[in-house]
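**Q** Here is how the chains run, residue by residue.
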Amino acid sequence: MKHLLSIDDLSAADITDLLDLTDHMVEIGQRPIPKVPALRGKNVVSLFFEDSTRTRTSFDTAAKRLSADTLNFAVSSSSVNKGESLRDTIETITAMGVDAFVVRHRSSGVPQMLTAWTTASVINAGDGWHQHPTQALLDCYTIRTGLNRRDGFDGLTVAVVGDVKHSRVARSDVDAFAKLGARVILVAPPTLLPTHVETWPVEVSHDLDSVLGELDVLYLLRVQRERMDDGLLPSLREYSTCYGLTAARAGALPGHALVMHPGPMNRGVEMVVDPGELPGSVILHQVANGVAVRMAVLFRLLGAGTDLKGHA
Amino acid sequence: MKHLLSIDDLSAADITDLLDLTDHMVEIGQRPIPKVPALRGKNVVSLFFEDSTRTRTSFDTAAKRLSADTLNFAVSSSSVNKGESLRDTIETITAMGVDAFVVRHRSSGVPQMLTAWTTASVINAGDGWHQHPTQALLDCYTIRTGLNRRDGFDGLTVAVVGDVKHSRVARSDVDAFAKLGARVILVAPPTLLPTHVETWPVEVSHDLDSVLGELDVLYLLRVQRERMDDGLLPSLREYSTCYGLTAARAGALPGHALVMHPGPMNRGVEMVVDPGELPGSVILHQVANGVAVRMAVLFRLLGAGTDLKGHA
Amino acid sequence: MKHLLSIDDLSAADITDLLDLTDHMVEIGQRPIPKVPALRGKNVVSLFFEDSTRTRTSFDTAAKRLSADTLNFAVSSSSVNKGESLRDTIETITAMGVDAFVVRHRSSGVPQMLTAWTTASVINAGDGWHQHPTQALLDCYTIRTGLNRRDGFDGLTVAVVGDVKHSRVARSDVDAFAKLGARVILVAPPTLLPTHVETWPVEVSHDLDSVLGELDVLYLLRVQRERMDDGLLPSLREYSTCYGLTAARAGALPGHALVMHPGPMNRGVEMVVDPGELPGSVILHQVANGVAVRMAVLFRLLGAGTDLKGHA
Numbered sequence: 005m006k007h008l009l010s011i012d013d014l015s016a017a018d019i020t021d022l023l024d025l026t027d028h029m030v031e032i033g034q035r036p037i038p039k040v041p042a043l044r045g046k047n048v049v050s051l052f053f054e055d056s057t058r059t060r061t062s063f064d065t066a067a068k069r070l071s072a073d074t075l076n077f078a079v080s081s082s083s084v085n086k087g088e089s090l091r092d093t094i095e096t097i098t099a100m101g102v103d104a105f106v107v108r109h110r111s112s113g114v115p116q117m118l119t120a121w122t123t124a125s126v127i128n129a130g131d132g133w134h135q136h137p138t139q140a141l142l143d144c145y146t147i148r149t150g151l152n153r154r155d156g157f158d159g160l161t162v163a164v165v166g167d168v169k170h171s172r173v174a175r176s177d178v179d180a181f182a183k184l185g186a187r188v189i190l191v192a193p194p195t196l197l198p199t200h201v202e203t204w205p206v207e208v209s210h211d212l213d214s215v216l217g218e219l220d221v222l223y224l225l226r227v228q229r230e231r232m233d234d235g236l237l238p239s240l241r242e243y244s245t246c247y248g249l250t251a252a253r254a255g256a257l258p259g260h261a262l263v264m265h266p267g268p269m270n271r272g273v274e275m276v277v278d279p280g281e282l283p284g285s286v287i288l289h290q291v292a293n294g295v296a297v298r299m300a301v302l303f304r305l306l307g308a309g310t311d312l313k314g315h316a
Numbered sequence: 005m006k007h008l009l010s011i012d013d014l015s016a017a018d019i020t021d022l023l024d025l026t027d028h029m030v031e032i033g034q035r036p037i038p039k040v041p042a043l044r045g046k047n048v049v050s051l052f053f054e055d056s057t058r059t060r061t062s063f064d065t066a067a068k069r070l071s072a073d074t075l076n077f078a079v080s081s082s083s084v085n086k087g088e089s090l091r092d093t094i095e096t097i098t099a100m101g102v103d104a105f106v107v108r109h110r111s112s113g114v115p116q117m118l119t120a121w122t123t124a125s126v127i128n129a130g131d132g133w134h135q136h137p138t139q140a141l142l143d144c145y146t147i148r149t150g151l152n153r154r155d156g157f158d159g160l161t162v163a164v165v166g167d168v169k170h171s172r173v174a175r176s177d178v179d180a181f182a183k184l185g186a187r188v189i190l191v192a193p194p195t196l197l198p199t200h201v202e203t204w205p206v207e208v209s210h211d212l213d214s215v216l217g218e219l220d221v222l223y224l225l226r227v228q229r230e231r232m233d234d235g236l237l238p239s240l241r242e243y244s245t246c247y248g249l250t251a252a253r254a255g256a257l258p259g260h261a262l263v264m265h266p267g268p269m270n271r272g273v274e275m276v277v278d279p280g281e282l283p284g285s286v287i288l289h290q291v292a293n294g295v296a297v298r299m300a301v302l303f304r305l306l307g308a309g310t311d312l313k314g315h316a
Numbered sequence: 005m006k007h008l009l010s011i012d013d014l015s016a017a018d019i020t021d022l023l024d025l026t027d028h029m030v031e032i033g034q035r036p037i038p039k040v041p042a043l044r045g046k047n048v049v050s051l052f053f054e055d056s057t058r059t060r061t062s063f064d065t066a067a068k069r070l071s072a073d074t075l076n077f078a079v080s081s082s083s084v085n086k087g088e089s090l091r092d093t094i095e096t097i098t099a100m101g102v103d104a105f106v107v108r109h110r111s112s113g114v115p116q117m118l119t120a121w122t123t124a125s126v127i128n129a130g131d132g133w134h135q136h137p138t139q140a141l142l143d144c145y146t147i148r149t150g151l152n153r154r155d156g157f158d159g160l161t162v163a164v165v166g167d168v169k170h171s172r173v174a175r176s177d178v179d180a181f182a183k184l185g186a187r188v189i190l191v192a193p194p195t196l197l198p199t200h201v202e203t204w205p206v207e208v209s210h211d212l213d214s215v216l217g218e219l220d221v222l223y224l225l226r227v228q229r230e231r232m233d234d235g236l237l238p239s240l241r242e243y244s245t246c247y248g249l250t251a252a253r254a255g256a257l258p259g260h261a262l263v264m265h266p267g268p269m270n271r272g273v274e275m276v277v278d279p280g281e282l283p284g285s286v287i288l289h290q291v292a293n294g295v296a297v298r299m300a301v302l303f304r305l306l307g308a309g310t311d312l313k314g315h316a
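Chains as they are written, first to last, in our numbering: chain A, 5 to 316; chain B, 5 to 316; chain C, 5 to 316.
Chain A extracted, bound-state conformation:
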């Protein structure tokens, strides 16, 4: 495994293997000194063309726990803005000695494109509407631990609710959940469903209330306010009325069901109830697991030839 670009590139066994490795990383995070020398001397460069303090911080924390050096390449003040081609920038940073790029870009396919220009590993931290594979892995890990399902997701029903059309999180999650055996229901108004949804391994519903009772996992997507400007959403209030998680809807979920959200939440829109008062909310577990999953990914890509203690 040289890069992590898309859940497409992973088999169910690959995913399970990364989740097993994540167990070790969680254990490391619980030690008094939550740090191992595994990736000492490795250089991990964040290259975020779209701001995301949350995701960048998570990768940064993961890299530091493995003793890698991290470098935040400030795109806004870089030569990319002096007319240098992206290719020249990537080749230049590579020549300085980089082991992995963590890339976010608003265009789908940019992380893939980078792999042609660098000898370093490339990790897709979100590209356009396309993929956000570490989000899917941390979501799988959260379901696996939250519902005690080390053996896969056969028999689980997961609803992914909201703006599926413009969501890389949804694309990655649906792929991963389905690969592990879950039944996935997309719940969204027709304007926010992807074209060719019939080719996805999912069922579709426009009625959240009718599916709540069958769910093991309710996964709420973030509503992008700019979708209203596009005319795809009549109003946040109407969205909230039809698709928001209210106390009444939370009460209609089975008692064991998990409530998940990739963050940042729009309280009062897709999240009407206070998730802190939902016993099934694992939203902060997702965040915590994010660090451990990213440690697993970094170690799998860069740790060849060393064990977690940094021994050759």
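Check each hint, because a few of them may be wrong.
No copy labels: a pair is met if it fits in one copy or bridges any two.
Taking lysine-lysine and the DSS-like style, the derived pairs with C-alpha atoms no more than 27 Å apart in a straight line are [what the hints assert, rightly or not]:
#1 Lys313 - Lys39
#2 Lys313 - Lys169
#3 Lys169 - Lys39
#4 Lys39 - Lys6
#5 Lys6 - Lys169
#6 Lys313 - Lys6
The set of hints was computed from the structure by calculation and includes no laboratory data.
Chain A is fixed; fit chains B and C onto it per the hints.
**A** Same frame as chain A, now just chains B and C:
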């Protein structure tokens, strides 16, 4: 001691204890390799809603000398600006594994508020006009070493000069100096004195020249230029004439008196003379002591169960 | 050697000594863990008044490979912008404990000025049109390894092509190449030649084609687009026609000749051919060597009393 929010929360004995610990930190800073493993694996996050390169750099240097990892949470590009609530942001960063937040905010009370939302320690690095406790500690340490007063400040006279009303430095310093036994004189025009000054443990003067001869410490506050727009200051020139430290005024101080300023200085306004030519100026000692005091605070909050060598 | 301000301050022997040390740093960079403890506990502060992600990243990587702590002093949000004098800012950062400043400024002479205000070492990372000494050192190292010339550059012919007048790279490179014994030809239109070029240790040509056949090294400078606004360049197309490296010109170079550029390149202007297809292009070697040369400079300035393993 879990948080450091205000000098109010500290007794004279607590302050003295932190200053004693600072002695060790000063000694570490003088070693060829000024670094100890005490806080290895601890994660200190700076969360500055107001820019302050100076204070942030000081905390960052302190954390690194104790081998903690540091992370600068860029508020401007974070989800706080995507409509996420501050509470959700704090809970999210906490879930990633943070041991201490170092917080600056323009509203009084924000650091206190944060303590309800995180299991991490919170250090107030300045909140509105309220408090800046590490500044007060470093100022106490500078007086204690500069005047050789390990036993407290009984019998010392300290003037705090300038815009006391809008100054968190003044509030913190006055509390701390008074707790350690000093006599404190506020020197300011009536418009820049706090309301209810009669409840403060201080004397008040409007005439700097009349008190100079009795001072052991002259503490100049920074003049905020925006106070003139508020109509609280007629002009910088008039301020300077009445309250600025000129060579003549410096000459009227007792020979042993210290001159202090929290920085950054307005040369030509509150600081007319070149402090580099005043034998009593300890302004750069304040800066150097700031790193050591912040090491002491970080170690006191996060070092439970380890010694300075990082042994359990 | 306390500071590195200008190639002027170095003799040919000093340069050779730094290049010899760079050999060790290259070897360290090729290890599985490319990191040595030599500068543990040292604090290197970047102070970039002009943005340069490329140069800053190179110094940062160099410092981390030597285990120094690095701190990026954000000029834009610092007290320099609150009216604090540069001198007070430098004295303040120095008081926090800094071992070296890496400075870039658009005015010539600022790094020199800083040396009066700090006990730390100062490394000039580019000042105005004046100097960029580490660029010259990495260029020398690239020629020395690319042409196998450990003994100096006697008998080599180097052309420096483009906007010499406004280029600190050209000033530094010409000095260094000439000191090591090379014959240097400046190739530029008269408007882009420095005044008093007759005092430089160079020959001058306005005709790139006439010199290509004699070159061991073709060094292309970056064209600054703002020169056209100044009326010094008629158009980028005309510049490209006369001075750009086309495939035809590349074919007219001797087979062993090196093609160099300090980056970032303007493809289609000074670099018309794709350098990835030129066997003689060592542009990415320059970047890689930049990290090693900066390690050598940092170690020479800060490593007194330790070997590369960090032993006293």
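**Q** Each hint: holds or not?
**A** Each hint tested on the structure:
Taking the shortest Cα distances, Lys313 and Lys39 sit within 27 Å of each other both inside one copy (10 Å) and across copies (17 Å). Taking the closest pair of Cα atoms, Lys313 and Lys169 never come within 27 Å of each other, the shortest separation being 43 Å inside a single copy and 54 Å across copies. For the identical chains of this complex, Lys169 and Lys39 are neighbours neither inside a copy (39 Å) nor across copies (46 Å), given an alpha-carbon limit of 27 Å. In this assembly of identical chains, the alpha carbons of Lys39 and Lys6 lie at most 27 Å apart whether taken from the same copy (24 Å) or from different copies (23 Å).
Taking identical chains as interchangeable, the C-alpha atoms of Lys6 and Lys169 are never at most 27 Å apart, the minima being 29 Å within one chain and 46 Å between chains. For the homomeric pair Lys313 and Lys6, the shortest alpha-carbon distance inside one copy (21 Å) is at most 27 Å, but the shortest distance between copies (32 Å) is not.
Of the hints listed earlier, those the structure fails to meet are numbers 2, 3, 5, in rising order.
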